[in-house]
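Participant: Letter by letter, the chains look like this.
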Amino acid sequence: MIFIDISRPPSDFLAKKRKGGKAGLWQSIALLLLALGIATIVGVAGVWVLQLFTPQVPVYVGLVFGLLALVLVLQYIAQRFEWIMPWYYLLPALIFLFTFTVFPVVLTIFLAFTDYAGIRNGELSVSTETAIVAVDGQQLTIDNARTLNCDALQGSRKGCNNVRAVVYASGRFATQGISLEDNILTVEPAPPAGRNVTAVELLLPDFGFRAQIPVTAVEGNRLTLGRSPPGEISLEDISLTLDRISIERRILSLEDNTLTINVPLPTDLEYVAIARYNDFGYIGAANFNTIIRQANRALWPVFRWNIIFAVSTIIINTIIGVFIAVLLNNPNLRFRNLYRTLLIVPWALPAIITIQVWRGFLNTNFGAINRVLALLDLPTLNWLGDPLYAKLAVLLVNLWLGLPFVMTATLGALSAIPKDIYEAVKIDGASAWQSFWGVTAPLLRTALIPITLTGFAFNFNNFNIIFLLTDGGPPVDWGTATARGTDILISWAYNESFRAQGGYAYGLGSAISILIFIITLGVSLVNFRVTGALKEESNT
Amino acid sequence: MMRLVPRFLGIISLLAVAAAAMAQSETTRFVTIPYGWLKFLIAFVLITGGIALAAYLYGRFTRPGKALQYAGTAATHMFIWLAILLTFYPVIYLLAVSLNRNNSITAALPTTGNVLFRSGVLPDPSKFSLIQYQTVLGETNLFWYQWVLIGVFILALVAMIALFVAQRGGFDPYRLERWRTYTGWVLFLSVGVLVLSITADQFYTINEAGERVRSSSERKIVLFIRNTLLVSGLTGIFAVLISTTAGYAFARMKFEGRYQTLLTFVFIQMFPGFMALVAIFFLMNALDLLNSYIGLILAYSGGAISFASWIFKGYLESISPSLEEAALVDGTTRWGAFWRIILPISIPMLLFIFLLQFIGTYSEFILANVLLTGEDKWTVGIALRSFTFNRFNTQWGLLAASAVLGSLPILAIFYSFQGALTGQHQAGGVKG
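Protein chains in written order, with our numbering: chain X, 1 to 540; chain Y, 1 to 432.
Hints are computed from structural coordinates only; laboratory data are not their basis. Remember, predicted model here, so these are calculated numbers, not experimental data. We put the CB at the ideal spot given by N, CA and C, even for glycine. Worth double-checking, as some hints may not be accurate.
[Said to hold, decoys possible] Beyond 12 Å from chain X on every Cβ pair, some chain Y residues (computed):
hint, residue
1, P64
2, G113
3, P125
4, K127
5, F128
6, Y133
7, Q146
8, A159
9, R168
10, P173
11, R175
12, V191
13, A209
14, R212
[Claimed, not checked] A short, non-exhaustive set of chain X residues, derived as facing chain Y with CB atoms under 8 Å:
hint, residue
15, S28
16, V59
17, L97
18, L327
19, P350
20, V372
[What the hints assert, rightly or not] Below, computed lysine-lysine pairings styled on DSBU-like, alpha-carbon distance capped at 30 Å:
hint, chain 1, residue 1, chain 2, residue 2
21, X, K419, Y, K66
22, X, K426, Y, K66
23, Y, K39, X, K391
Chain X on its own, in the form it takes in the complex (with noise of 0.2 Å):
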């Protein structure tokens, strides 16, 4: 005899049997990491491969060919581990997820402890090439060691110790010639092979000086000339130009013109020039410290702004907000569908024009603000030239680009609040303005609080106002050339990473990032536990 158990659902006897072991959490993150390992080093070796032939390939192609072998790795787990299942549903958001936020993410973590900066971006700088005068086992004698400019990687590091650096070969080869037919150029010894010959140098004794010609094919010890040399050469003295070898070392030190490398060059070839990487490197909590000493003129009065604006404009937003909405929530009102949709404007337009055109208006001399405010016979002010104006205007526009929000969510409140409990407290006789704050209030303060703690977090890092209406100015005289009247902390951020008052400082502006990331995690936390948003989903 069966027993079905018709308290369980369909679905449980439709599940097929599971094959290929348990179904744990660990082993499912190692399969996936196994697929995504495979893939990447497909993709490396790809974009490698191809390199090979072409030099040309951008990198990203590599993607594709990781894309595809994972998809086959895939579809090999699928039919061995069936349980894994539900996790390829997640995979492609799990995949954008940590390369576009996660691993960015840890990347700052790991940038705040270098000093990666716009003179230390970990690219060959072609402009510190300087010619090698001599080359004695390990020790180079080069030119100028100015030109090096080994000054501007001080940070982590003393000069150019232990920075890496390219010794170019160049090539001379002295050769004599056998033969000169037409273009056709037959030489002996034959240039190295697997070096490329980009030109000769003939003696024209007819006309006593050297010629360069280039060359365009090589065949051994033929030469094909581009063209054919204006007279008689002399067979004796031919020398060939050879392509540039670059050659990857390690700077040990420096003093005076005398360098020292890691590991001796090879003997065979000529060396000519030495140039060296923009290395950057770990140099420990210094970004830190830097902020730390500067505190007085940067982090302090920044900070203390960026509360300011995001407390204060949440507040001004929220009073006028719901005001407004209280008085469109009447049902007397005649219109009120129409007031809503025409107050709803600023948020239908995109913010990141609004704000620029708002910059014009703002315009001390002509703009529409202050020739309102004079017409009114009212005091017209210098809104983004004093610090304190521009503090004003930005709350001011804030509000006006914010305002439709909370209006609409406290309308959408205030149109959950159960039209029974109004009657209900009419019947016990309160006046109106007792059931708005008998009622209304306290119902809508619970429906606000998210609202307000969102809008905080926001606020706290809305780069965009600050950026696109004040860019963070005035100047001020107690502040510095990245953390001026309005800046908050992101602006200032993006002053040191990506502006040359700030001098491109990577590190610095990942350092202040992790600092604006652990106050709004600090936020986001205490709207979870206001919201209650995850207890439900940890019960089930």
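Let chain X serve as the given structure and place chain Y on it in line with the hints.
Facilitator: Leaving out everything else, chain Y in the frame of chain X:
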């Protein structure tokens, strides 16, 4: 915290008064009505009071019990209109500037006429002109098929409005719904093909010598709008594609690690996008994706996923699983149930996620500013900033015309889907 509010407002008003004293000498070049604020205030109070009184008297004679309520409602109307005036003044002023011949913000004011125009509070109406729009649009050289696409788009738009009117007129809503879907697709596809087909090479003039001269950035607003639509559209599509399967797995599947993964998603959402800016720059530099839309779109989509999956999960949990279960009993696979049942019934929700992402991306500035360096790749926001910053003299009229044109797509979308965008946003917000 609430106790600080009056103190704060008090400080602000005190400061404003102090500023008044300091700035008084500066006001000479402005047109001023002596005691204008007092006159305005008195006029407003008198008019409001008059209307309220009229309403009260009307109520007194028709329904005496409601007379006070009538007066209150009348006064409320007046307050709302004041708020609408304050909200709309910048919008109207911007529109008026874009329709004015003066390109410079410093242009001389008229000396006669209404005080509003003499003071420059509104631009001079006698200088009305379409020259700003002609300038910013004039160097756009469209191919014939792009004109056809624009024609199709306009026809579909008219059809859409006609369908909307027909629904008001009481036609069968089900048949109209089908036609609306078709028209919507035509609209979407015509814009899509148009956006994909416009290139930077189409912006030029031909000089006397018969050579093509590439347009300056002020005259390429169509290209910048196209770029922004492309980036926002692809980001929206990408975010939807990637987050639907994740939302489905969270809502409907039981597996080890579901809660932990969900938690990861939520916490990752808290990282401010800016926090990773330096590193994204670093990453895109390493991948050779600087100044390319692929890089920008990938970075945007990465930031959108957790929010989009969270919303979709919430939506799926709100609908009953019985439909899928029936299909599973009938022998469909999980993927089949997802593809043939879940996706079709969630199209409105997917559209909503797409639009939310679209609007958000349209207004994004910082990442685009850092990653897109070439002028031909600029989005609207970056282009407008280049008009105003680091310039000796802002071309105010051209800026206004570009701002109006750049706002139109979002304005149209917002008001077409107003209910969904304002209502659902808040439902999603309350849930987390």
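Participant: Which numbered hints are broken by the structure, listed smallest first?
Facilitator: The structure breaks none of the hints.
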